[in-house]
Amino acid sequence: MTMPFYVAPEQLMKDRAEYAQKGIARAKSLVAVTYLDGILIAAENPSKSLHKISEVYDRIAFAGAGKYNEFDQLRVAGIRHADTKGFAYSREDVNARSLANLYAQYLGEIFTHETKPMEIEILVAELAQANNEDSQDKIYHILYDGTLMDEDHFTVLGGDVPSVAGRLTKAWKQRWSLKEALGSCLYALGGDSRVIPDSELEVAVLSHTNGRRAFKRIVDDELKSLRQNQLKPGKSNKSAKTSPA
Amino acid sequence: MALPVFSSTNDPGSAFTDLLRCLNQDPKVSRFSNEFFSYRSANESTSQFSTNELTFRHATTVMAIKFSQGVLIAGDRRATEGYSIAYRNMEKVFPGDRYSAIAIAGTAGPALELVKLFQTQLEHYEKVEGTVLSLEGKANQLSQLVRANLSSAFQGMVVIPLFAGWDCKRKVGRIFTYDVTGGRYEEADYHATGSGGRHARTTIKLGYKEGMSLKGALRLGIQALYEAADEDLGTGGPDALRGIYPTVATVTEKGFEFLEEAEVAGQFETFMVSKSSSGDKS
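One line per chain: the protein sequences are A and B, in this order. Take the first sequence: its letters are residues 1 to 245, numbered as in the numbering used here. Take the second sequence: its letters are residues 1 to 282, numbered as in the numbering used here.
Among these hints, one or two may not hold up.
[Unchecked claim] Listed below are the simulated DSS-like cross-link pairs for lysine-lysine, each with C-alpha atoms no more than 27 angstroms apart in a straight line:
{"#": "1", "chain 1": "A", "residue 1": "Lys85", "chain 2": "B", "residue 2": "Lys254"}
{"#": "2", "chain 1": "A", "residue 1": "Lys48", "chain 2": "B", "residue 2": "Lys254"}
{"#": "3", "chain 1": "B", "residue 1": "Lys116", "chain 2": "A", "residue 2": "Lys216"}
{"#": "4", "chain 1": "A", "residue 1": "Lys216", "chain 2": "B", "residue 2": "Lys169"}
{"#": "5", "chain 1": "B", "residue 1": "Lys169", "chain 2": "A", "residue 2": "Lys48"}
{"#": "6", "chain 1": "A", "residue 1": "Lys48", "chain 2": "B", "residue 2": "Lys171"}
{"#": "7", "chain 1": "A", "residue 1": "Lys224", "chain 2": "B", "residue 2": "Lys116"}
{"#": "8", "chain 1": "A", "residue 1": "Lys48", "chain 2": "A", "residue 2": "Lys170"}
Hints listed in this document are in silico derivations from the structure and should not be mistaken for laboratory results. Only a predicted model underlies this, so the values are computations on that prediction, with no experimental measurement involved.
Make the full structure from the sequences, and use the hints.
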C-alpha cells in the first residue's frame, strides 16, 4: 500500500493561493469608483453578451473578474438571495453587507475544502439610500479566499492590480463628475500607451438619478458622448506641471 | 439565510416561483389555502360555509382600453367585506414592470400576493437572464400564477387579474384577460372585469372608437367607472369629500405611468358637469 505524501498545511494553502492568483492575474482589470451621483464600474470586456457587471437589486450591483462561469454562478446566487429576502421581508431590508458576508463565507469554504479554489475576485457595490444622511455608498471587494475588504472610494479587481490602482490613486478626486470619473477609470485601465475602444468596454453606474432601480448600463451613444473630448488625466497633469515653468 | 447555490442538475433557472420551491419557501398563496382548507373541513358540519364566520376583502371594477399610443388601465378604490366597506382607498392597478401593468379583481389578500409575486418574477427573470421577457411571455407567466391559485378559488378566494402592456417588438399596446383556471385570452380593444365589470364593459362598448386619443380614452374610462359604481355595490365612485378617485395609468412606448390624481379628479368634474347640465338623470 502506498502512503500519500505529507504536505504541510502552509504549503497546501500557499499552493492554492498561488493557483488562484495566477488565474486572476491573467484576467482583464475592472475598476469601481464613487462619483457625484453614485458609483461607476468599468471593465475591459470584449464580449457584448457575457457581462462582468450586473444588477442585483434596487441599489446593489455585482461585478466579477477572473473565470466567467465561476463568478456568474455567484452573481445568480446573489440575485436569488436579494429577491427572496426582499420578497419575504421588505425591499429596504436587502443590503450589500449581508450579501458580501455570504459571498465571503462561501468563497472561504471553497478555498479551504475543495480541491480547486475559485479563480475570481468579486465586487458588491451599494448606493447610499436617498434622504438618509447616515447611509453611504459602499464598495465591498471579496478575494478568492474569502477575504472581505470594505473600500472607501475605489477598488481594482483582476489583472495588473498595482499599476491600475496606482494610476487611479493619482487621478482620484472627491465628488467628481461622471465624465471625469469615467475618463480616469479608462485611463487607469488602459495606461499611457493604450486607448480601449468602445466595443471592448463594459460600463455601468448605480446612480441616484435612475429612480428605484439605480443600476444602468452606459452603452452606445451615451458612452461615446461621455468619452468625447476626454483628456488623459496623466497627460493633462503633465501639461499642468510644465506650463508654469 | 444561506447563499442559494444549486448544483447544475438541480438549478431552478430564472423562475422565481421554482426558486421559492427549491428553498422550501412556497408562495404564501398556497400555504394560506391549505390552512383555510383544514379550517373548513374542521367545520364541515355547517354544510354551507357562512360568510359571517370568515369574510374576505373583495376588490371590484378594473378595466383597460386601447388608445392610439398604448393602453389605459384603471380601477376603482373600494374593498368590501360582505356587505360592508372595508377600505376606501385601495390600489388595484400596479406596474408589472417598466412596460406592463396589472390590475386585480377578487379576494384582496391573495390578489395582492399575486401582484407581488408577479412583479418579483418579472424582475428576477430580467436580472438573471439579462434580457426582458416578451409581453407574450409575461402574459403566460401570469397565467401560470393564476392557475396555481385554483385550489383557493374553489374555496371562494377567486383572483382575476387584468394584464396590459406595451409590446416592445410589435410596437403596440396589448390587453390580456384571464379566467380562474389560468386561461389566457387576448382582447382586441378593451376589457373590464370584477363585479362591476359588465356595466363598465357596456359603457365602453357604446363609446369606443379605434385609435382614440388618450383624452378620449380617459373620458370613456371615467364614464365607465362612474356607471359601474352607479349600478354595482362593490364598486366605489369618485369621492370628492375625501378626495379619493379611481387609479388610472397608461402603458405606452415610454413605459408605465400613473396619471396625476388631480387630472383624474378634473375629468370627473367635467363629466359630472356635462351630465347634470344635459339633464341626464339616467
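Each hint, compared with the structure:
1. A:Lys85 x B:Lys254: 30 angstroms, violated
2. A:Lys48 x B:Lys254: 25 angstroms, holds
3. B:Lys116 x A:Lys216: 23 angstroms, holds
4. A:Lys216 x B:Lys169: Distance of about 21 angstroms is within 27 angstroms: holds.
5. B:Lys169 x A:Lys48: 21 angstroms, holds
6. A:Lys48 x B:Lys171: 25 angstroms, holds
7. A:Lys224 x B:Lys116: At roughly 38 angstroms apart (the allowed maximum being 27 angstroms), B:Lys116 and A:Lys224 break the hint.
8. A:Lys48 x A:Lys170: 30 angstroms, violated
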